[in-house]
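Visitor: Quick note, the sequences are listed as chains A and B, same order. Plus 887 on top of the position in the first sequence (first one is 1) and you've got this note's numbering. Plus 150 on top of the position in the second sequence (first one is 1) and you've got this note's numbering.
Hint data in this document are derived by calculation from the structure and do not stem from the laboratory. All C-beta atoms in this analysis are idealised placements derived from N, C-alpha and C, irrespective of residue type, glycine included. Any given hint could be a false lead.
Said to hold, decoys possible - Negatives, chain B to chain A, calculated, CB over 10 Å:
{"#": "1", "residue": "Ile153"}
{"#": "2", "residue": "Gln174"}
{"#": "3", "residue": "Glu184"}
{"#": "4", "residue": "Leu190"}
{"#": "5", "residue": "Lys191"}
{"#": "6", "residue": "His205"}
{"#": "7", "residue": "Leu213"}
Said to hold, decoys possible - Derived EDC-like pairs: lysine to aspartate or glutamate, alpha-carbon spacing no greater than 16 Å straight-line:
{"#": "8", "chain 1": "B", "residue 1": "Lys202", "chain 2": "A", "residue 2": "Asp1003"}
{"#": "9", "chain 1": "A", "residue 1": "Lys933", "chain 2": "B", "residue 2": "Glu221"}
{"#": "10", "chain 1": "B", "residue 1": "Lys231", "chain 2": "A", "residue 2": "Asp900"}
{"#": "11", "chain 1": "A", "residue 1": "Lys933", "chain 2": "B", "residue 2": "Asp225"}
{"#": "12", "chain 1": "A", "residue 1": "Lys965", "chain 2": "A", "residue 2": "Asp1027"}
{"#": "13", "chain 1": "A", "residue 1": "Lys933", "chain 2": "B", "residue 2": "Glu228"}
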Amino acid sequence: MEEELVPKQHYSDAEKQRIFDNEFMPHINSMYNFAYRLTLDQDDSKDLLQDTYLKAFRFIDSFQQGTNAKAWLFRILKNSFINDYRKKSKEPSKVDYQDVESYYNSEDVDRQITPDLRVEALRDMIGDEISNALNALDIDFRTVIILCDLEGFKYDEMAKILDIPIGTVRSRLHRARNLLKEKLSTYAKQMGYKNA
Amino acid sequence: MSIPDQSKMKSNCSNQKDCMEMLQLIVDGEASPEQKEHFLKHHLEECLPCYKNYHLEVEIRQLLKTKCTGEAPADLIEIIKARVAQNTPH
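Next up, chain A with everything else stripped away, as it sits in the complex (with noise of 0.2 Å):
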């Protein structure tokens, strides 16, 4: 958004407001969805929301339009949360991010993350059980699979979207899938799936 460098450009208010409405709102949907999963919490979700298209209209001469104002969007989204919103974030602080991902990067991972996870048992996951797993993932696992699965988004445009390169954005969809499975694993042993 601001910090990148594209030409300015200076549409009128009729055209900012055609931009608002037809561009950025029909996105609010999957807009919400994104700020919820990444909040954990109704009225977070609803101010970062809020916060977001707000700032989007405030920067609008920042957007191009041809671009891609879903990402666009997604990108501020991301970055408000990361100023605005992780620091009073309820949750107690979690270990070092790099540490985590070192450690999801080792080769142990790879031997321990095979669950032999079957497509019956995910059939009969009716309730919340793929919700709450995806809700337990560290937030930079849980970010890439929203964009990735949720969202349709390509790797180049999650890489814009988080500013890491693309190979990192492709070893963390990997790393993610694996916990994902991994606990959705234990969810299907719980319903008495026996080899799950």
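Dock chain B against chain A, hints included.
Guide: Chain B alone, transformed into the frame defined by chain A:
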């Protein structure tokens, strides 16, 4: 994709690490048409672990999409629209 006869499939994948990476590219829509053709039409027909993994990945994504999405509250949408309108001089 046709449903292969599982009894005739390999029960071990000799190339599992690379296959898992390819599978991820395919499920994420990042694989080339040639890669997709080879993996989905040839490899999956004969490799049971990859066949199962593929269907598991597809199912998880389906479950995520149906269970983990929601709609923004209508009153919140109205508040946002109203606040933006206040910022626009008429």
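Visitor: Each of the hints needs a verdict: does it hold here or not?
Guide: Hints versus structure:
no. : hint                  : in the structure
1   : Ile153                : holds (13 Å)
2   : Gln174                : violated (6 Å)
3   : Glu184                : holds (18 Å)
4   : Leu190                : holds (17 Å)
5   : Lys191                : holds (21 Å)
6   : His205                : violated (5 Å)
7   : Leu213                : violated (5 Å)
8   : B:Lys202 to A:Asp1003 : holds (10 Å)
9   : A:Lys933 to B:Glu221  : holds (12 Å)
10  : B:Lys231 to A:Asp900  : holds (15 Å)
11  : A:Lys933 to B:Asp225  : holds (10 Å)
12  : A:Lys965 to A:Asp1027 : holds (11 Å)
13  : A:Lys933 to B:Glu228  : holds (12 Å)
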